[in-house]
Amino acid sequence: MSLSTTPLTPEIVSHEGNAMVLSMGPQHPSTHGVLQIMLEIEGENVIKLEPEIGYLHTGIEKNCENLFWSQVQTNVERMDYLAPSSNAFCYVLAVEKLLGITDAIPERAQVIRVLQAELTRIASHCVQLGTHAIDLGAISVFFYCFDLRENILDLQEAAGGARMHPNYLRVGGVNGDLPDGYLERVDALIAKFPGRMRELRGLLQANPIFQDRTIDVGYMSPADAVSWSVTGPPLRASGVAYDVRKALPYSGYEHYDFDVPTRTDGDAYARFLVRLDEMEQSLRIIEQARKKLNTPGPVVIDDPKIVAPPKETIALSMEALIHHFKIVSEGFRVPPGDVYQSVEGPRGELGYYIVSNGENRPYRLRTRPPSMYNLQCLKGMAPGNLIADLVVMIGSLDPVFGEVDR
Amino acid sequence: MGLACCAIEMMTVTSAEYDIARLGSEVFRSSPRQADLMIVSGRVAQKMAPVVKRLYDQMADPKWVISMGACASSGGVFDNYAIVQGVDTVIPVDVYVPGCPPTPDGLLYAVNLIQQQIREGGRGGILARS
Amino acid sequence: MPSTQTPPLAGTATDPTSVRPAIDDAIIERVELSALRARLEALKAEGFSMLLDLGAVDYLGRAPRFDVVYHLLKMPVVAATVAQVGAPGRMRVLCGINDGDHVPSVVSLWPSADWAEREVFDLFGITFDGHPDLRRIQMPHDWEGAPLRKDYPLRGPARERAPRPAFALKSNVQAGTPPSGKTLAALQEQIKKAREQ
Numbered sequence: 001m002s003l004s005t006t007p008l009t010p011e012i013v014s015h016e017g018n019a020m021v022l023s024m025g026p027q028h029p030s031t032h033g034v035l036q037i038m039l040e041i042e043g044e045n046v047i048k049l050e051p052e053i054g055y056l057h058t059g060i061e062k063n064c065e066n067l068f069w070s071q072v073q074t075n076v077e078r079m080d081y082l083a084p085s086s087n088a089f090c091y092v093l094a095v096e097k098l099l100g101i102t103d104a105i106p107e108r109a110q111v112i113r114v115l116q117a118e119l120t121r122i123a124s125h126c127v128q129l130g131t132h133a134i135d136l137g138a139i140s141v142f143f144y145c146f147d148l149r150e151n152i153l154d155l156q157e158a159a160g161g162a163r164m165h166p167n168y169l170r171v172g173g174v175n176g177d178l179p180d181g182y183l184e185r186v187d188a189l190i191a192k193f194p195g196r197m198r199e200l201r202g203l204l205q206a207n208p209i210f211q212d213r214t215i216d217v218g219y220m221s222p223a224d225a226v227s228w229s230v231t232g233p234p235l236r237a238s239g240v241a242y243d244v245r246k247a248l249p250y251s252g253y254e255h256y257d258f259d260v261p262t263r264t265d266g267d268a269y270a271r272f273l274v275r276l277d278e279m280e281q282s283l284r285i286i287e288q289a290r291k292k293l294n295t296p297g298p299v300v301i302d303d304p305k306i307v308a309p310p311k312e313t314i315a316l317s318m319e320a321l322i323h324h325f326k327i328v329s330e331g332f333r334v335p336p337g338d339v340y341q342s343v344e345g346p347r348g349e350l351g352y353y354i355v356s357n358g359e360n361r362p363y364r365l366r367t368r369p370p371s372m373y374n375l376q377c378l379k380g381m382a383p384g385n386l387i388a389d390l391v392v393m394i395g396s397l398d399p400v401f402g403e404v405d406r
Numbered sequence: 407m408g409l410a411c412c413a414i415e416m417m418t419v420t421s422a423e424y425d426i427a428r429l430g431s432e433v434f435r436s437s438p439r440q441a442d443l444m445i446v447s448g449r450v451a452q453k454m455a456p457v458v459k460r461l462y463d464q465m466a467d468p469k470w471v472i473s474m475g476a477c478a479s480s481g482g483v484f485d486n487y488a489i490v491q492g493v494d495t496v497i498p499v500d501v502y503v504p505g506c507p508p509t510p511d512g513l514l515y516a517v518n519l520i521q522q523q524i525r526e527g528g529r530g531g532i533l534a535r536s
Numbered sequence: 537m538p539s540t541q542t543p544p545l546a547g548t549a550t551d552p553t554s555v556r557p558a559i560d561d562a563i564i565e566r567v568e569l570s571a572l573r574a575r576l577e578a579l580k581a582e583g584f585s586m587l588l589d590l591g592a593v594d595y596l597g598r599a600p601r602f603d604v605v606y607h608l609l610k611m612p613v614v615a616a617t618v619a620q621v622g623a624p625g626r627m628r629v630l631c632g633i634n635d636g637d638h639v640p641s642v643v644s645l646w647p648s649a650d651w652a653e654r655e656v657f658d659l660f661g662i663t664f665d666g667h668p669d670l671r672r673i674q675m676p677h678d679w680e681g682a683p684l685r686k687d688y689p690l691r692g693p694a695r696e697r698a699p700r701p702a703f704a705l706k707s708n709v710q711a712g713t714p715p716s717g718k719t720l721a722a723l724q725e726q727i728k729k730a731r732e733q
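Protein chains in written order, with this note's numbering: chain A, 1 to 406; chain B, 407 to 536; chain C, 537 to 733.
Among the clues, some could well be false.
As the list claims (entries may be wrong) - Looking from chain C toward chain A, a few residues come up when the C-beta cut is under 8 Å (computed):
1. Asp-560
2. Ala-562
3. Leu-587
4. Asp-589
5. Ala-615
6. Ala-616
7. Val-621
8. Arg-628
9. Trp-651
10. Thr-663
11. Gln-674
12. Met-675
13. Leu-684
14. Leu-690
To be verified - Here are some chain B residues the structure puts well away from chain A; computed CB gaps all over 12 Å:
15. Leu-429
16. Pro-468
17. Asp-494
18. Tyr-515
Rather than coming from a laboratory, the hints here were simulated on the basis of the structure.
Treat the numbers as computed from the prediction; the structure is a model and nothing was measured.
Note that the Cβ used here is the ideal one computed from N, Cα and C, for glycine as well.
Looking at chain A on its own, in the form it has when it is part of the complex (with noise of 0.2 Å):
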């Protein structure tokens, strides 16, 4: 695994054979995203290559210290935009924690998170199957997987009002309870669910053509993926069982029955099939969350200090208009402090470093992107294969480059 020392620029050459410089991307239907990987090749093969990022920067980072705790959540729900519900999940855990109300969010509350949690993963993980494979020529996966995901869509624009950051999830607990008819739609998904992993596995898994193309494809032993500081499926296709959800369970996943899929290949096909496992899981994990909703109860806390009161008290409490007042023209304050809190997401170990200095605006929120550490071990993986190779690399990696680049 050897580090590049100067940046290539696209240009021929001359070495004795074919050897050149090419430039893969910005813009480019494979790269699943903005991504600039300057390209050493002879022929289809590939020396060396230099992977160039930042064209997604958007300076969220330095956007939150300007904005309200609240408002920073609409920011930092746009960065893995493929799961938003799971980075608005880190960062209202890791400012509860901050404000040190983490055990007052009711039991209902947690359920829920953890049942958009585990929808909002299905849904990546459908369309990273879906991108990978039409990648790889395989159009009407995308299709089925597209399909599936319109099913989890609906349910997210029900309970947060937006098809893909429904900024549902608050610092507090949940923004008002499910909808009447959601469970019922929970159930509809339960039952359609089986039927649509059964097809997805039957295109594909038994496929000899996308066998040939992931198998030994972008290895990557236990070690180096770990000192490349590599998490989510890359690393339990490699062997190691790290979850976030079972090494330090938050938000009550300790009481939900589920299995971490790991495999030693640590192949493409091994990150294939330990997706396609970990989205039976969340199956799993949301039948017993769908059972736990039957039992009603509040969703936020009682804290007016926090969670605004509900809008009917405002013309029967002075001190509910108050409180509505203040935490909309000015936010909550946050003790001093700073916490790192960490969230299994899609791609990885989603984590926040916020640091508070008592005000209600953040001081700083440091991401650390699951998306940038898992593709920089590219550089390492991908010297002598195929450029067709690269793509499959690229795909099971799964960056999002919002959070690559924030």
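Fit chains B and C to the given chain A structure using the hints.
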């Protein structure tokens, strides 16, 4: 030009539920040389702006541009050093689609508006309402 | 405009990183710059095989100005089952540095620090000695300035908004007299008085 979150909704518009193929946009060409319509979907970072301009220049006339989403239209939620405040500061835009991200129906309506513009023979930014 | 936040002063009640009961499960340790490399090597030898994250915080107005933060995870490499992984220990190493200090690079210990250190160099302007390829990663290569510093304007130097004019609290009413703009004559009187002020 799939940049960020809007790109996912752009991919969804090609899926079975929304199906942009029935409007004629069957294939998404990756090469600007073969494309008539550029959909800028997502926030345009400072590093990406010259790339967008270059891709627009590489497209052959006649060409149209849809600016999809709040970030491409005006900078969106991100009013800071890193994001170009509207891709229309870099390339001319024909249809703006508001939303963060806009629903796939919004993008379908935008394509309808482009078709209307082509029929009427004109150019110019029209706010797509959906 | 540059940051309007009050920086937390080291050692006071608002210092987020002073020694106090930890909010999360990580062991927090503050290390001097001169002892940083040795301490990180020792931690790696102890079993902290994964560098989870490397970041920086700008405490403008405090001396030392920056904090470089290393998040480490004690991950056993042979860990094929959840039971073998267990609950890996976490460590947070903070190192206070001044503007212009050079920090030793840890790329030789954990290769994943490559891009993380480049990002800190790009966005904060902190130089890492021993990094194989220290150049900008997020901003364009010819960008000037370090955007995440607290004295860098949010909207960038080109778009810094002109400061809003301070609102002069001028009232048309003389202190102590009730407003009497009900008749046209009184209103015109008030306007004349305000113009004379």
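Quick rundown of the hints versus the structure:
1. Asp-560: With a minimum Cβ separation of about 5 Å from chain A (threshold 8 Å), the hint on Asp-560/C holds.
2. Ala-562: Holds: closest Cβ of chain A sits about 6 Å from Ala-562/C, inside 8 Å.
3. Leu-587: OK, holds: Leu-587/C within 8 Å of chain A, min 6 Å.
4. Asp-589: Holds. Min distance 4 Å.
5. Ala-615: 5 Å, holds
6. Ala-616: 5 Å, holds
7. Val-621: Hint on Val-621/C: holds, closest Cβ of chain A at ~5 Å, below 8 Å.
8. Arg-628: 6 Å, holds
9. Trp-651: 5 Å, holds
10. Thr-663: This hint is violated: Thr-663/C lies away from chain A, its Cβ roughly 18 Å from the closest one there, beyond 8 Å.
11. Gln-674: 4 Å, holds
12. Met-675: With a minimum Cβ separation of about 7 Å from chain A (threshold 8 Å), the hint on Met-675/C holds.
13. Leu-684: With Cβ-Cβ at 5 Å, under 8 Å, it holds.
14. Leu-690: Since chain A brings a Cβ to about 6 Å from Leu-690/C, closer than 8 Å, the hint holds.
15. Leu-429: 17 Å, holds
16. Pro-468: Nearest chain A Cβ is 21 Å from Pro-468/B, so the label holds.
17. Asp-494: 19 Å, holds
18. Tyr-515: 16 Å, holds
Hint compliance for this structure: hint 10 is the single one not met.
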